[in-house]
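Q: Below, each chain spelled out in residue letters.
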Amino acid sequence: MPFMVAFVFAYVTWLVLTAGTNGLLWSTQELIAGLIFAGIIAYATKDVVGDESTRFLNPLRWVGFIAYAPVLFWGMVKANFDVAYRVITGKINPGIVRVPVELENDAQYTILSNSITLTPGTLTIDACPEEKALYVHWINVTDPHPESSEPVAGSFERWARRLGR
Amino acid sequence: MNTVDYLIYAFLAISMIFNLLGSIALHRFPDVYTRLHGATKTTTFGTIFAVLAVIVHAAYQLRETGNPKYLQMALHSIVALVALLLTNPTGAHAIAKAAHLSGYKPVRAVVDAYEDKLRGDSE
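Quick mapping for you: the protein sequence lines, in order, are chains A and B.
Just so we're aligned: the first sequence equals residues 1 to 165 in my numbering.
Just so we're aligned: the second sequence equals residues 1001 to 1123 in my numbering.
Hints should not be assumed to be uniformly reliable.
[As the list claims (entries may be wrong)] Here's a subset of chain B near chain A, in silico, CB distances under 10 Å, partners left out:
no.: 1; residue: Y1009
no.: 2; residue: M1016
no.: 3; residue: A1025
no.: 4; residue: F1029
no.: 5; residue: D1031
no.: 6; residue: T1034
no.: 7; residue: G1038
no.: 8; residue: K1041
no.: 9; residue: G1046
no.: 10; residue: V1056
no.: 11; residue: Y1060
no.: 12; residue: R1063
no.: 13; residue: K1069
no.: 14; residue: H1076
no.: 15; residue: A1092
[Stated by the list, open to error] Simulated crosslink set (DMTMM-like; lysine to aspartate or glutamate; CA at most 25 Å straight-line):
no.: 16; chain 1: B; residue 1: K1105; chain 2: B; residue 2: D1031
no.: 17; chain 1: A; residue 1: K132; chain 2: A; residue 2: E102
no.: 18; chain 1: B; residue 1: K1097; chain 2: A; residue 2: D143
no.: 19; chain 1: B; residue 1: K1097; chain 2: A; residue 2: D82
no.: 20; chain 1: A; residue 1: K132; chain 2: A; residue 2: D143
no.: 21; chain 1: A; residue 1: K91; chain 2: A; residue 2: E131
no.: 22; chain 1: B; residue 1: K1097; chain 2: A; residue 2: D106
no.: 23; chain 1: B; residue 1: K1097; chain 2: A; residue 2: E30
no.: 24; chain 1: A; residue 1: K91; chain 2: A; residue 2: E104
no.: 25; chain 1: B; residue 1: K1097; chain 2: B; residue 2: D1031
no.: 26; chain 1: B; residue 1: K1069; chain 2: A; residue 2: E30
no.: 27; chain 1: B; residue 1: K1105; chain 2: A; residue 2: D51
no.: 28; chain 1: B; residue 1: K1097; chain 2: A; residue 2: E102
no.: 29; chain 1: B; residue 1: K1105; chain 2: A; residue 2: E102
no.: 30; chain 1: B; residue 1: K1097; chain 2: A; residue 2: E131
no.: 31; chain 1: B; residue 1: K1105; chain 2: A; residue 2: D82
In case anyone wonders, no lab produced these hints; they're calculated from the structure.
Cβ atoms here follow ideal geometry from the backbone N, Cα and C, with glycine treated the same way.
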């Protein structure tokens, strides 16, 4: 199964990169060459990808990621204007806070910490799954000891829990 | 000039404003962590709009001329955007963690829970 996951991802990437190079869609040669290259890549990486990766073939998960994109984008818009205001006025109140989170696996930690880092004003410095906490550099500390991720990340923790399951 | 051109110029203007703010942030903020906020993230946001401008331009040209190179242009920009969105937070996180482990303390920090944790681990 890890072979199939790597194969599908490699082949889709190949199709995206070669569309439009020779006619509007793909020629037969391109499709066959893609099959060969995707097969080589999938064989080489099947041990790295691992067994758990099969859950990423679930189409419901992709619908979830697409639904998450506008939420993340709106968070970025709000936060970017906040940081723009701080750049212009120089009003900062920085600090590193410990944010306790309720997550189960590495994928959820990755999604949440990358979302926190993408929204300006917060920057994940370290994730500690063993003590269920993230260490976040926050440019405007309003609560030095937050009880949950709500003041730092808003609704992102619920999304990360749902998407990484 | 038609509506599509105005849309492209608007996206490019937003992109340039935020990239400029990112550069100003490098000068105004006091330490490596706050500079990372400005330098990595407002520029990510600006680059999203630059890519949007490219996509709008390519989609419009594809519709007008039917030349498949514009489809390639739009798809490659989207691939670049996805790569940027995945690598940028990871890089910022790596720089911040490395800076903290090398002993750079956040300037004017009101709280530094990570320092407390590291000190607790070493004792």
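Q: Can the restraint linking K1105(B) and D82(A) be considered satisfied, given a maximum Cα separation of 25 Å?
A: Judged against 25 Å, a Cα distance of about 24 Å means the pair holds.
Q: Verify the interface restraint on V1056(B): the C-beta must sit less than 10 Å from at least one C-beta of chain A.
A: violated (16 Å)
Q: Given the hint that K91(A) pairs with E104(A), test it: the Cα-Cα distance must not exceed 25 Å.
A: Since the Cα atoms of K91(A) and E104(A) sit roughly 37 Å apart, the hinted pair is violated (cutoff 25 Å).
Q: Straight-line Cα separation of K1097(B) and E102(A) no greater than 25 Å?
A: holds (22 Å)
Q: Hint G1046(B) vs chain A: min CB-CB distance below 10 Å?
A: Check passed: Cβ of G1046(B) comes within 9 Å of chain A, closer than 10 Å.
Q: Have a go at the T1034(B) hint: is there a Cβ in chain A nearer than 10 Å to its own Cβ?
A: Hint holds; T1034(B) Cβ to chain A Cβ min 6 Å, cut 10 Å.
Q: Would the hint linking K1097(B) and D106(A) be met if the CA-CA limit is 25 Å?
A: holds (18 Å)
Q: Please check whether R1063(B) passes as an interface residue: C-beta within 10 Å of a C-beta belonging to chain A.
A: Since chain A brings no Cβ nearer than about 12 Å to R1063(B), farther than 10 Å, the hint is violated.
Q: Would the stated hint for F1029(B) survive a check requiring a Cβ distance to chain A of less than 10 Å?
A: holds (7 Å)
Q: Sort out whether E131(A) lies within 25 Å of K91(A), counting only the CA atoms.
A: The given pair, whose Cα atoms are some 33 Å apart, is violated under the 25 Å limit.
Q: Would the hint on G1038(B) be counted as holding, given a Cβ-Cβ threshold of 10 Å to chain A?
A: With Cβ-Cβ at 6 Å, under 10 Å, it holds.
Q: Straight-line Cα separation of K1097(B) and E131(A) no greater than 25 Å?
A: Answer holds: K1097(B) to E131(A) is near 18 Å, not above 25 Å.
The structure is inconsistent with the numbered hints 1, 2, 10, 11, 12, 21, 23, 24, 27, 29, although it conforms to all the rest.
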